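Here's the letter readout for the chains.
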Amino acid sequence: MKNKVYPGPSEALFDLTDGITLMSGGFGLCGIPENSIDEIAKRGIRNIHAISNNIGNSGRGLAILLKNRQITRATCSYVGGNPDLEQQMLAGEVDVALVPQGTFSERIRAAGMGIRGFYTPTGYGTLVAEGKEVKEFDRPCILEMPLHADFAIIKAERGDTFGNLWFKETARNFSPLMAMAAKITIAEVEELVPLGGIRPEDVHLPGIFVQRIYQGSNYRNDIEIPVYAD
Amino acid sequence: MSEPGGRPIGWTREQMADEIIALIPDGASLNLGIGMPTLIAERMDPAKAVVIHSENGVLGVKGRPKRGEASPTLINAGKETISVQAGASFFDSALSFGMIRGGHIDFCVLGGMEVDVQGNLANWMIPGKKVTGMGGAMDLVNGARQIIIMQSHFSRSGECKLLAQCKLPLTGKAVVDRVITELGMFVPTGKTFRIEKLAPGVSRDDLGIPLELLE
Numbered sequence: 323m324k325n326k327v328y329p330g331p332s333e334a335l336f337d338l339t340d341g342i343t344l345m346s347g348g349f350g351l352c353g354i355p356e357n358s359i360d361e362i363a364k365r366g367i368r369n370i371h372a373i374s375n376n377i378g379n380s381g382r383g384l385a386i387l388l389k390n391r392q393i394t395r396a397t398c399s400y401v402g403g404n405p406d407l408e409q410q411m412l413a414g415e416v417d418v419a420l421v422p423q424g425t426f427s428e429r430i431r432a433a434g435m436g437i438r439g440f441y442t443p444t445g446y447g448t449l450v451a452e453g454k455e456v457k458e459f460d461r462p463c464i465l466e467m468p469l470h471a472d473f474a475i476i477k478a479e480r481g482d483t484f485g486n487l488w489f490k491e492t493a494r495n496f497s498p499l500m501a502m503a504a505k506i507t508i509a510e511v512e513e514l515v516p517l518g519g520i521r522p523e524d525v526h527l528p529g530i531f532v533q534r535i536y537q538g539s540n541y542r543n544d545i546e547i548p549v550y551a552d
Numbered sequence: 007m008s009e010p011g012g013r014p015i016g017w018t019r020e021q022m023a024d025e026i027i028a029l030i031p032d033g034a035s036l037n038l039g040i041g042m043p044t045l046i047a048e049r050m051d052p053a054k055a056v057v058i059h060s061e062n063g064v065l066g067v068k069g070r071p072k073r074g075e076a077s078p079t080l081i082n083a084g085k086e087t088i089s090v091q092a093g094a095s096f097f098d099s100a101l102s103f104g105m106i107r108g109g110h111i112d113f114c115v116l117g118g119m120e121v122d123v124q125g126n127l128a129n130w131m132i133p134g135k136k137v138t139g140m141g142g143a144m145d146l147v148n149g150a151r152q153i154i155i156m157q158s159h160f161s162r163s164g165e166c167k168l169l170a171q172c173k174l175p176l177t178g179k180a181v182v183d184r185v186i187t188e189l190g191m192f193v194p195t196g197k198t199f200r201i202e203k204l205a206p207g208v209s210r211d212d213l214g215i216p217l218e219l220l221e
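These protein sequence lines are chains A and B, in that order.
One rule links them: number in our numbering = place in the first sequence (from 1) + 322.
One rule links them: number in our numbering = place in the second sequence (from 1) + 6.
If you are wondering where the hints come from, they were derived from the structure by calculation, not from laboratory data.
Predicted model only: the values in this text are computed from it and were never measured.
Note that the Cβ used here is the ideal one computed from N, Cα and C, for glycine as well.
Just to be clear, a hint being listed does not mean it is correct.
Covered, in the sense of this in silico footprint (three residues per stretch, anywhere, with C-beta under 8 Å from a C-beta of chain B), are these stretches of chain A [as the list claims (entries may be wrong)]: (1) 413 to 423; (2) 444 to 454; (3) 483 to 493; (4) 528 to 534.
Just a sample of chain B residues kept apart from chain A, beta carbon distances all over 12 Å, derived [to be verified]: (5) Ile15; (6) Ile27; (7) Ser35; (8) Glu61; (9) Ala94; (10) Asp112; (11) Pro175; (12) Arg200; (13) Asp211; (14) Leu217.
Below are the PhoX-like pairs computed for lysine-lysine, each with C-alpha atoms no more than 25 Å apart in a straight line [claimed, not checked]: (15) Lys326/A with Lys490/A; (16) Lys54/B with Lys490/A; (17) Lys454/A with Lys324/A; (18) Lys136/B with Lys389/A; (19) Lys454/A with Lys197/B; (20) Lys505/A with Lys364/A; (21) Lys135/B with Lys389/A; (22) Lys54/B with Lys203/B; (23) Lys136/B with Lys173/B; (24) Lys197/B with Lys173/B; (25) Lys490/A with Lys68/B; (26) Lys454/A with Lys326/A; (27) Lys54/B with Lys68/B; (28) Lys326/A with Lys364/A; (29) Lys135/B with Lys197/B.
Build out the structure end to end from the sequences listed, making use of the hints.
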């Protein structure tokens, strides 16, 4: 099987340019591709359309790129707890499209799965439905379209040289869907293993959806809101 | 019970959570929104065998981890650390929302800013003031089989949050089955709120809802 391993983020992200549409996995700071985000910050790629559930939080994750004014468009479901985005949105510096989270994930999935559009009850009778076709099923539904991207940057706990991935706990979230939806998906992993290092029945995302993979380093793995029983 | 100013105190948040828990049958599946509703996970009796879903991709939320046992990759939709019970499962966001949209989740408890007699809900933005985004709320209110709103009865500025008609942008149209506040439990019927239960010491006159909207 093809070896898709790159030495590190600078090599794996070599062709990212200004103006790209970029999906980034993670829910809040859980499961975010830290090394790829740092690389994009370092390279100063601008005019990015970022597609990610939260676009970072509290100055971390994609909020690093917001602070650098590298993101001009954002498609996401939630901006709470992300003062950089809320402030730049209200100031008109970032054009934000808010999408209900289930519609957001299904639009991404649809792009990867060849679905040209789908009807959902989510958002009917709200601002989300404005300008969209409504069709009556058992109840009224609105037409939603797929969400594609040029690149996806994702992170997994474990990956092999072909790009088969295994995610830990709730870090999976949007990452497998984004990998399917983007033209080029770059995965970074905590642990790069040889072929066969992940049992076939345990592969969460088949490597066919991953074009490049590299061993990440120095993960911060921040806990956003620690709450304890004791 | 009442505050010095005369406004009744009603239930505590814990008592509100317990009132909701009493509505949930053994073995049901349940999704909990950010904020107050997460109290329900902490107070749920394990013997009820209720399975708690969090839309970021977990079924089988148990409560909170002990200090030193928290995992940065194990969180709920409020991005708070959680623990899971034996039999839990993890999955991606499309499958998670498929569970919701497909009608596989029995109950959803969400916070609210406004609810009206038609069962309309507003809880995601205040134009010109505050935008948090809808997150998964619009999917949840249209997908879960029963929607319970757990909210304070009055806004910070003292206005009743149970209305004839929502003023804020809607999260969902005719989606709310029940509202619980510190003052009582209410069912929107289309034209009124039917009072299901009032907290101890609370009367109809304390509710700040026009009497013609009550039954």
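Verification of the hints:
1. 413 to 423: With 3 residues in contact (Cβ-Cβ under 8 Å with chain B), the coverage given for the region 413 to 423 of chain A holds.
2. 444 to 454: holds (count 7)
3. 483 to 493: holds (count 5)
4. 528 to 534: violated (count 0)
5. Ile15: Check passes; 26 Å lies beyond 12 Å.
6. Ile27: Non-interface label stands for Ile27/B: nearest chain A Cβ at 18 Å, farther than 12 Å.
7. Ser35: Given that every Cβ of chain A is farther than 12 Å from that of Ser35/B, nearest at about 16 Å, it holds.
8. Glu61: 7 Å, violated
9. Ala94: 9 Å, violated
10. Asp112: 17 Å, holds
11. Pro175: Since the minimum Cβ distance to chain A is about 5 Å, Pro175/B lies within 12 Å and the statement is violated.
12. Arg200: 23 Å, holds
13. Asp211: 33 Å, holds
14. Leu217: 28 Å, holds
15. Lys326/A with Lys490/A: This hinted pair holds, its Cα atoms lying about 22 Å apart.
16. Lys54/B with Lys490/A: 28 Å, violated
17. Lys454/A with Lys324/A: Violated, at roughly 43 Å.
18. Lys136/B with Lys389/A: 20 Å, holds
19. Lys454/A with Lys197/B: 29 Å, violated
20. Lys505/A with Lys364/A: Holds, because 23 Å separates the two Cα atoms, which is no more than 25 Å.
21. Lys135/B with Lys389/A: 22 Å, holds
22. Lys54/B with Lys203/B: 23 Å, holds
23. Lys136/B with Lys173/B: 14 Å, holds
24. Lys197/B with Lys173/B: Satisfied, since the Cα-Cα distance of roughly 16 Å is no more than 25 Å.
25. Lys490/A with Lys68/B: Holds, at roughly 18 Å.
26. Lys454/A with Lys326/A: Not satisfied, since the Cα-Cα distance of roughly 41 Å exceeds 25 Å.
27. Lys54/B with Lys68/B: Holds, at roughly 12 Å.
28. Lys326/A with Lys364/A: 23 Å, holds
29. Lys135/B with Lys197/B: 30 Å, violated
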